[in-house]
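There are 2 protein chains.
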Amino acid sequence: MMRRSFQVAARLGHRCILPRLDPAAAFGSSTDSLVSRFCPVKTDLKDYALPNASWCPDMLSLYQEFLEKTKSDGWVKLPSFQSNRDHIQGLKLPSGLVAASDKSDWRIFTRCIQVEGQGYEYVIFFHPFKKKSVCLFQPGPYLEGPPGFAHGGSLAAMMDETFSKTAYLAGEGLFTLNLNIRFKNLIPVGSLAVLNVQVEKIEDQKLYMSCIAQSRDQETVYAKSSGVFLQWQLEEESSPWSL
Amino acid sequence: MMRRSFQVAARLGHRCILPRLDPAAAFGSSTDSLVSRFCPVKTDLKDYALPNASWCPDMLSLYQEFLEKTKSDGWVKLPSFQSNRDHIQGLKLPSGLVAASDKSDWRIFTRCIQVEGQGYEYVIFFHPFKKKSVCLFQPGPYLEGPPGFAHGGSLAAMMDETFSKTAYLAGEGLFTLNLNIRFKNLIPVGSLAVLNVQVEKIEDQKLYMSCIAQSRDQETVYAKSSGVFLQWQLEEESSPWSL
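Residue numbers (the UniProt record's numbering), protein chains in the order written: chain A, 1 to 243; chain B, 1 to 243.
Treat the hints loosely; a few may be bogus.
[As the list claims (entries may be wrong)] No more than 20 Å apart at the CA atoms, straight line, and that leaves these computed lysine to aspartate or glutamate pairs for EDC-like: (1) B:Lys184 / A:Asp204; (2) A:Lys184 / B:Asp204; (3) B:Lys69 / B:Asp58; (4) B:Lys130 / B:Asp73.
Derived from the structure by calculation, the hints contain no laboratory data.
One chain only, chain A, in its complex shape (with noise of 0.2 Å):
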């Protein structure tokens, strides 16, 4: 497999990570490529997209749906690590925002509480073909906003690490650059929503995706949403790294 590094441009001095892109520049990993260095067969690491005993009964028989899908019907669930820094093992991210290893207890933000049931369940499936991803997510008590729903900021996030990991995988996309969001039910907490995240086009050095997340009978809509998402520059791994 060839394995490629990030050209960035970053001035972490000035905290900006603004990148500096060559328009005329083209994205060489395949959908393919980056989908098998996402999920690798063999890892120490723990999944935390997988089943528990908190998850509901909406959850797990619609997570069992789509395992099936994944033996014949094209999708892949993505595993869920405690950091980025566990998926840049298989991914790499620009050097530039790779910070200095240290012993800090780093996690992704949407697996900020490891305590079963109490935070972010979810579990994301992508279509590399359809370039489509649907989340399963199931807030938890330390999600909420009014008493017994989710707080709004909590979906907006969990959209927002949806649309990520989907514009990676599906073009290279690794920073949002706009996410615009329409509210319209509160999701219960325990409750199952499901995110149906599509991309819309690739243009200009840019992702367009949308997302409708709503109840698994699709009667009730708790939100829907836009994102775009900024490509990011390819190159060979022999390439100099550029700061």
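Using the hints provided, position chain B relative to the given structure of chain A.
Same frame as chain A, now just chain B:
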């Protein structure tokens, strides 16, 4: 102090929390009375919006600056309890949104991580007359997205929460209808982001707000956003609660 309840129309059976508003209704509670109910002089509840050893020097010194402004310049430091269930002891939310009390450990999403410095560190100052807020936000390592930087979703949630408290206190806005964020730069974990929120207008029972998140020296803009919140009609407590 006049106490009030909310008139709501919620179809919880369908998980639908769309309020049926009376277009002619007036919104009665003054900002002063809302603020005084929100900020109890004496309480046994822990206020998480107080300095701790994890706060960076920038956050500490700006906190002290705003604390001085609370004495003479009309700013109010908002307390931040573990759950909105604690805040509603002074506020009251629509009864349809108050889930039956149980022994769960409920937490407002932005206080979901209680280990100092690991998750959300923030404090919100509100100016009732100017209808604006300033949120001092320091993301910890559990809020990570790209290695070493805050997850975009964690900033989205912080903006939503600051909008939410501002909207309620400035004009009885309770529910996010729309959140639109344009991301500019990443926030390094452990550093300070200053969120300036302004109520732009109140029209047709909606509050329109803007936010800019930037470094303390204003040289780096992290993100700009707008939020629209729905006002909730208040009625005298003697009126029947309508569900």
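To see whether the hints hold, each was checked on the structure:
1. Taken as a hint, the Lys184 of chain B and Asp204 of chain A pair is honoured in the structure, with Cα atoms around 18 Å apart against an allowance of 20 Å.
2. A distance of roughly 18 Å separates the Cα atoms of Lys184 of chain A and Asp204 of chain B; the hinted pair therefore holds under the 20 Å criterion.
3. For the given pair, Lys69 of chain B sits about 17 Å from Asp58 of chain B by alpha-carbon distance, which is consistent with the 20 Å threshold.
4. For the hint pairing Lys130 of chain B with Asp73 of chain B, the CA-to-CA distance comes to about 11 Å; that is within 20 Å, so the pair holds.
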